[in-house]
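Enquirer: Letter by letter, the chains look like this.
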Amino acid sequence: MTALWLHLRTSPLRWILLPLIVLTLMILLLGPNYWIGIWPETGAAAQVPAFFLSIIAAGAAAWSSGSKKRHNLEEQMAAAAIPAAKSEAYQLGTSMIILVIPYLIGHAVAFALTARTFPAGIQLWLGYALMGTVVMLLAIAWGWAIGRYLSPVYAALVALLSWFVFEVFPGDTADLGVLSGPVWQQPDTRTMLIRFVAVAVFSTVIVWAPPLRTQWKANWERLIFPMVAAAVAIVATVGTAGISDRDAPRNPLCVAGKVEMCLWPENVKYIPMIHSVDARVSTLPASFQLPLRLYEYGLKRRQISYAGETVTQLEGDFDISEGSKWGLALGVSDAIISETLKSCDWDAIRRADDFTPEAVRRWVEFYLTESSTPDYRTSGVPQGIEEAWSAASKVFTELPPQKQREWVQEQLNRLKASHCG
Amino acid sequence: MSLKLIGVSQSYGNTRVIDRFDLDLAPGIVGFLGPNGAGKTTLLRTMATIMPPKAGKLLLDDVVITGERTAREARRKIGYLPQKFGCDPAMRVMDFVRYAAWMRGVPPQDWDRAADLALEQVDLADHRRTKMRKLSGGMHQRAGIAWAIVGQPSLVLLDEPTVGLDPRQRLQFRKIIGELRGSVVVLSTHLIDDIDAICDQVVVLHGGTAKFSGTTTELAALSRDDLPGNTDLERAYMKLLPDGEQQL
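So the sequence lines, in the order shown, correspond to chains V and A.
Under my numbering, the first sequence has 115 at position 115, and the numbering climbs by one with no breaks.
Under my numbering, the second sequence has 1217 at position 217, and the numbering climbs by one with no breaks.
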């Protein structure tokens, strides 16, 4: 038996291991499953439970940290031959292992589900796994520090609430965690490294910092170190951006068809969806002009000036993040309308409050998805557009296919006659 | 094994609780006897190296304990059981004693053997898998003694170990302690019959100073028939207390 195993089997936290595993798997598996088959989405989805787990972990670590006081073991610990820091390190380390295990099990399950197809981009999964691990470790160290210096009665509650506030406010702006992992973004490796080092330093300091009860010398002045370390860890976490844009791949995954559609290589799982939409594109009325090639969001870049600086802006023709066929159809329909009406005077169309292009585009969107009920919601849509969408919906749902084509043709003819050269 | 206290003083704030205390102990069982507040626990905590002396020296095997480093080295040889010792009630007895072995610096490969031996000594070998919260009062106290003696420390410090034990349990306790004579065993108590039954040497404390130090026979010899008490030791003890006669 080793000291670590002795601590693991006697840790007061061992009882919450199973409930936390269940909670993790519920959060991971009971939500949408678009992430399966795409590594960055897999990593991000398995990282989401860290938001909830870290709150519990902060409270649990504080509670565990106070167990020596609770169980009246301080006198016996003070008489120990092993250094106090070693004892503290084992207890904190044990807490970290037990509380991080459920999170890692979530990642293992997510990994197994995506590994069946093993697409490109596994390093992105790893980045998100590290991102959540750092959050978990920081929460545990935070809770431990609070439990070390506050009464056990209050420590868990204070740790839990303070971590929640930290996560929701400064943590949110610093990308402490993410809700999804679109392919054009990645956890910033340098940031993760900085955060990891900050957590390691913080943990080391709180382990090393002696308890307030003095032994051979007064310790009050050494309280300054954990406080400074906590401040450094927080600044290192909130002062760094967790997510950065990825470089566009040199060789995107281009799917040939009526319209060639190029994807991020990690999105290989969407090829059947691309084929399905392209098959619908190929049966659109002949009066539509089709673009030659469309790019997924992030594959195109543009340099723009912003506040005196040149920044790179990500662009694309369609976006199928989170697996939305509607996202794809929206982008493709927009590109088809732009191509079809490219010779038109758009300023004139706008001045005339003519929403016909939007009605036709909406019809194309319905046609490509073979449905009139989008999976997204809109709000604050101008009345003219709302009416155009309603008209398109009525056409799509109420008219037979041939009549729909006639309606489309009629709209395009009218538009071209009035606004196109 | 030897333990020496030379001119040791202790105080809490401005209140001096141990005053220039000298003691030289060799293997055997020593009882600290005294009323509440006499300084017994403070003295034991000093010997356990938890409380650095405010003045004077503490020597273990002729090594002066000067700071945390020497104190930790000394603690490998010290088994200390506070009066109200703590434990995680959900812990099994075996793990509780293993934990003590770890804290005493016993090598991991020896934990099981050391814990088994300690549990056999306190007659708890059959309860090694029992959770601490399920132990009776006497068994709980014996588990505490196992905590103190695991790894066979050469100095065992027991603070009021018989408090709360029924007569049968106290007899059992005396038997266990009696078997530790190869080490220096210091127990503090205010129960004279415990001292009489098992101690080779007795130190009577009052007001932070030793009023007597010697064998129980030497203490009994101080008895006078006109003093209150049922035994010679009780009468001698009362004689040593400054207000012993008035107390009754």
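Any given hint could turn out to be false.
Stated by the list, open to error - Simulated crosslink set (BS3-like; lysine-lysine; CA at most 27 angstroms straight-line):
#1 A:1131 to V:86
#2 A:1211 to A:1054
#3 V:69 to V:86
#4 V:416 to V:403
#5 A:1239 to V:69
#6 V:342 to V:403
#7 A:1057 to A:1211
#8 A:1134 to A:1175
#9 V:394 to V:300
#10 V:258 to V:342
#11 V:86 to A:1134
#12 V:300 to V:403
#13 V:69 to A:1004
#14 A:1004 to A:1054
#15 V:269 to V:258
#16 V:69 to A:1131
#17 V:69 to A:1134
#18 A:1175 to A:1084
Unchecked claim - Chain A stretches covered by chain V per the calculated footprint, using a threshold of three residues with CB under 8 angstroms from any CB of chain V:
#19 1082-1089
#20 1095-1101
#21 1220-1232
Treat the hints as calculated values from the structure; they're not laboratory data.
All figures in this text were calculated on a predicted structure; none of them were measured in a lab.
A virtual CB, placed ideally from N, CA and C, is assigned to each residue, including glycine.
Enquirer: Of all the hints given earlier, name the ones this structure violates by number, lowest first.
Expert: 5, 9, 11, 12, 13, 21
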